[in-house]
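Below, each chain spelled out in residue letters.
2 protein chains.
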Amino acid sequence: MSRFKYNEVYDYIKNEIESNQLSYGARLPSIRNASELFRVSRTTVQNAYFTLAADGYIFSEPQSGYYVSRQGSGNTVKTEAAMPQEAIKFDFTSSSADAESFDFNLWRRYMKNALRQDERLLSYSEAQGEPELREAIAEYIYEKRNVAASPDRIVIGAGVQSLLGILCSLINDRGTVSFPDKSFEQGAALFADYGFEVHYRDKDAGIIYVSPSHMTRWGEVMPNKRRRELVRHSAQTGSLVIEDDYESDFLYNTRPTPSLHALSGGSNVIYLGSFSRLLLPSIRISFMVLTQELADKYRKCLFKYSQTASKAEQLALCSFIRDGHLKAQIRKTRRFYTAKARAFAQLLEKRLENSSIEISENALQIIITAPFNKKAVAFEKNGVSVFIEELKNNKITIVISVASIPEKEFEEAAERLCKALK
Amino acid sequence: MSRFKYNEVYDYIKNEIESNQLSYGARLPSIRNASELFRVSRTTVQNAYFTLAADGYIFSEPQSGYYVSRQGSGNTVKTEAAMPQEAIKFDFTSSSADAESFDFNLWRRYMKNALRQDERLLSYSEAQGEPELREAIAEYIYEKRNVAASPDRIVIGAGVQSLLGILCSLINDRGTVSFPDKSFEQGAALFADYGFEVHYRDKDAGIIYVSPSHMTRWGEVMPNKRRRELVRHSAQTGSLVIEDDYESDFLYNTRPTPSLHALSGGSNVIYLGSFSRLLLPSIRISFMVLTQELADKYRKCLFKYSQTASKAEQLALCSFIRDGHLKAQIRKTRRFYTAKARAFAQLLEKRLENSSIEISENALQIIITAPFNKKAVAFEKNGVSVFIEELKNNKITIVISVASIPEKEFEEAAERLCKALK
Chain C
1 MSRFKYNEVY DYIKNEIESN QLSYGARLPS IRNASELFRV SRTTVQNAYF TLAADGYIFS
61 EPQSGYYVSR QGSGNTVKTE AAMPQEAIKF DFTSSSADAE SFDFNLWRRY MKNALRQDER
121 LLSYSEAQGE PELREAIAEY IYEKRNVAAS PDRIVIGAGV QSLLGILCSL INDRGTVSFP
181 DKSFEQGAAL FADYGFEVHY RDKDAGIIYV SPSHMTRWGE VMPNKRRREL VRHSAQTGSL
241 VIEDDYESDF LYNTRPTPSL HALSGGSNVI YLGSFSRLLL PSIRISFMVL TQELADKYRK
301 CLFKYSQTAS KAEQLALCSF IRDGHLKAQI RKTRRFYTAK ARAFAQLLEK RLENSSIEIS
361 ENALQIIITA PFNKKAVAFE KNGVSVFIEE LKNNKITIVI SVASIPEKEF EEAAERLCKA
421 LK
Chain Z
1 MSRFKYNEVY DYIKNEIESN QLSYGARLPS IRNASELFRV SRTTVQNAYF TLAADGYIFS
61 EPQSGYYVSR QGSGNTVKTE AAMPQEAIKF DFTSSSADAE SFDFNLWRRY MKNALRQDER
121 LLSYSEAQGE PELREAIAEY IYEKRNVAAS PDRIVIGAGV QSLLGILCSL INDRGTVSFP
181 DKSFEQGAAL FADYGFEVHY RDKDAGIIYV SPSHMTRWGE VMPNKRRREL VRHSAQTGSL
241 VIEDDYESDF LYNTRPTPSL HALSGGSNVI YLGSFSRLLL PSIRISFMVL TQELADKYRK
301 CLFKYSQTAS KAEQLALCSF IRDGHLKAQI RKTRRFYTAK ARAFAQLLEK RLENSSIEIS
361 ENALQIIITA PFNKKAVAFE KNGVSVFIEE LKNNKITIVI SVASIPEKEF EEAAERLCKA
421 LK
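Listed in order, the protein sequences are those of chains C and Z. Residue numbers for the first sequence, in the working numbering: 1 to 422. Residue numbers for the second sequence, in the working numbering: 1 to 422.
With the rest of the complex left out, here is chain C (with noise of 0.2 angstroms):
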């Protein structure tokens, strides 16, 4: 009988978690609450608490309690039961795009011209995708980041997943693949559902995935010399590296970061690269650069694929590439972000002591260390939104993102923000 209530208690609350009703960081009711809450005995409580946190839902902080330790499953959809009682007024999680950054009239024209093609979207595009894409893309990846691989190389797609979708049926012959860290859920998941080992950390798994240019939600770029080293482990142990350059074409800083792909001449380095984050969300369009042996690999099992990426969207942004606009974006883009995250940071010093406030390399995210009262339940509570990286020695540590957040509400928003740290 116990037993079984245990399980309800363990249950209930990992829905919670995994539902987010229960966010990442949010303090959980204390045993004694909670036993009244469930009217379950304490040690029934302290046990179901105890499995949460060996399985890694939830995790203990010492004279505090316990909080949640991971993101639910909701993090794109939130069902109306799981919104949090008071609304988010400022979502510094929020990896949308604001809308001065884009020009939408532009966009608009390209689409409307690609959507005049009628003969070309009375067919289905190619499986690869639009080869006068491939060809732009090609181009645009060699002028930046010195990728050199021919447009039959090149796979497109409607997002990284569904790339590393294609790239799991081809190379599902090497066991294991070793991530970073955690972050990338997504990624870990696919590569469990196609039977990979998935490892963290570890040099001799087959397939090794980094995001050089942003790897870790701090933001950090992986220094010339390590990139070295990992392009040297894999020509040594012929493990196959996936260069996710995320974010790469936002870096400001100054010293060269040269792709993986470019420094071992794309040997065995697959390229991963999306529009979505430079242009606007919505717009789902990635692409990977193939080795040769995975292209002609690829080729030979085309009937296996087809293309998810809109064919509008393929042709509107092959135009847009050919027109030099997305090189004039991505300064643009720049530009904009850095200014934001400089404007928003200075708004922070000027009201947070005893606090550390750092932009990451690059430019995009905002890295705060404040001293935090405990009592604090989580952020969404108090009309901001943030997920807690570190909580320790009465400090927490916090990235935020500004890029959502509209310059004209800034001082509300710190002054928001810093009320809910304090």
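The set of hints was computed from the structure by calculation and includes no laboratory data. It cannot be assumed that every hint is accurate.
Which copy? The list can't say, so a pair holds if one copy fits it or any two copies do.
In silico DSSO-like cross-links for lysine-lysine, where the CA-CA straight-line distance does not exceed 30 angstroms [stated by the list, open to error]:
(1) Lys-89 x Lys-300
(2) Lys-422 x Lys-112
(3) Lys-419 x Lys-144
(4) Lys-144 x Lys-395
(5) Lys-112 x Lys-327
(6) Lys-14 x Lys-408
(7) Lys-89 x Lys-422
(8) Lys-182 x Lys-14
(9) Lys-408 x Lys-350
(10) Lys-422 x Lys-327
(11) Lys-144 x Lys-422
(12) Lys-350 x Lys-112
(13) Lys-112 x Lys-332
(14) Lys-225 x Lys-422
(15) Lys-182 x Lys-300
(16) Lys-112 x Lys-419
(17) Lys-350 x Lys-182
(18) Lys-419 x Lys-89
(19) Lys-297 x Lys-14
(20) Lys-300 x Lys-14
(21) Lys-332 x Lys-419
(22) Lys-350 x Lys-300
(23) Lys-297 x Lys-422
(24) Lys-408 x Lys-203
Given chain C, put chain Z in place with the hints provided.
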């Protein structure tokens, strides 16, 4: 040495088939000619041909020779080298649409409106698909196919393949999947990549995949009796039925064909549908209706998935459906393609003696059984492209589609096709 040679011949022909240099139905060189061509003994050629036949690449036709028995991988991309010598003027295998079947101006208007929703386009699409589109689809399939499902059981994706990938990750405990035949290569390959055992016509499989509205390339529709049997079988054994209701909207026959989903009450049936064929092949929006159990499972691991369909196209399609244009489009397309198939069949009847000309149940295909001059090699050589379905007793059966051939070119197309057949 001879062993090496034999492998060379085998690999050479296998590659030719896989890269579509040798097309479906093409006759291989005679054993004598091949022995001269490859400079190997006739026995070596014979052994290579035997193995190719055993591996399913070719089949032998007594007193005639060997023919390619399957399509290569080039069904979507044809490389320069794989292009037939003579340009294909009339592609009777095409799944493209006729420009006249679709009101481009109307669709452009909806896309234009969708592209005006700046705020919406600044964020990623919900992983499951835009909520209002899921609502519109729920209403639509309830009305059209009596499929009752709340929008939160509907998942949207860019093409059926993307959705099957998600499904595979949800039902990977079911071990075996059964397809009715080998025609849906893409689906079979995807399941195999996810570690499923792929069977054909195996009633004991954990998952049974069917396309009741388009059972064969002949366009046969599953009879009501078999539908009920299948539903009963699934209820008894607990097997999961995947109902790909591909082209159900085109069914012009008058007898009612209830969906398996409706017959079963939806308990063990996943319902799949797509808009590509109905609207524009370049619009990649498909949907699946999960069982309640799988929908719960899906939401619990929502973090694993991203939306693949274009957000702008989702928003446009939603308004398009709500304003009643989808129903109008179905009526129009059905009338249009039925009329085209009938008109073309008449042209063939006038020209082909001793032949049977039928229109498939779904009115999209014309089935021709005609006397066949076996000296002719692949049809691709005659400026027309068709697949040979059967080749026996000096007769062939071919299934053609005239969907993508403009009506004003029907006379010439019929002339060329009949010439190629004679």
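These are the hints, each one checked on the structure:
no., hint, result
1, Lys-89 x Lys-300, "between (51 angstroms within a copy, 26 angstroms between copies)"
2, Lys-422 x Lys-112, "neither (50 angstroms within a copy, 47 angstroms between copies)"
3, Lys-419 x Lys-144, "neither (42 angstroms within a copy, 54 angstroms between copies)"
4, Lys-144 x Lys-395, "neither (40 angstroms within a copy, 59 angstroms between copies)"
5, Lys-112 x Lys-327, "both (21 angstroms within a copy, 25 angstroms between copies)"
6, Lys-14 x Lys-408, "neither (39 angstroms within a copy, 64 angstroms between copies)"
7, Lys-89 x Lys-422, "within (18 angstroms within a copy, 73 angstroms between copies)"
8, Lys-182 x Lys-14, "within (18 angstroms within a copy, 42 angstroms between copies)"
9, Lys-408 x Lys-350, "within (18 angstroms within a copy, 75 angstroms between copies)"
10, Lys-422 x Lys-327, "neither (42 angstroms within a copy, 57 angstroms between copies)"
11, Lys-144 x Lys-422, "neither (43 angstroms within a copy, 57 angstroms between copies)"
12, Lys-350 x Lys-112, "neither (47 angstroms within a copy, 45 angstroms between copies)"
13, Lys-112 x Lys-332, "both (23 angstroms within a copy, 25 angstroms between copies)"
14, Lys-225 x Lys-422, "neither (40 angstroms within a copy, 70 angstroms between copies)"
15, Lys-182 x Lys-300, "between (34 angstroms within a copy, 18 angstroms between copies)"
16, Lys-112 x Lys-419, "neither (46 angstroms within a copy, 43 angstroms between copies)"
17, Lys-350 x Lys-182, "neither (34 angstroms within a copy, 68 angstroms between copies)"
18, Lys-419 x Lys-89, "within (14 angstroms within a copy, 71 angstroms between copies)"
19, Lys-297 x Lys-14, "between (42 angstroms within a copy, 13 angstroms between copies)"
20, Lys-300 x Lys-14, "between (44 angstroms within a copy, 10 angstroms between copies)"
21, Lys-332 x Lys-419, "neither (32 angstroms within a copy, 61 angstroms between copies)"
22, Lys-350 x Lys-300, "neither (61 angstroms within a copy, 42 angstroms between copies)"
23, Lys-297 x Lys-422, "neither (57 angstroms within a copy, 39 angstroms between copies)"
24, Lys-408 x Lys-203, "neither (47 angstroms within a copy, 64 angstroms between copies)"
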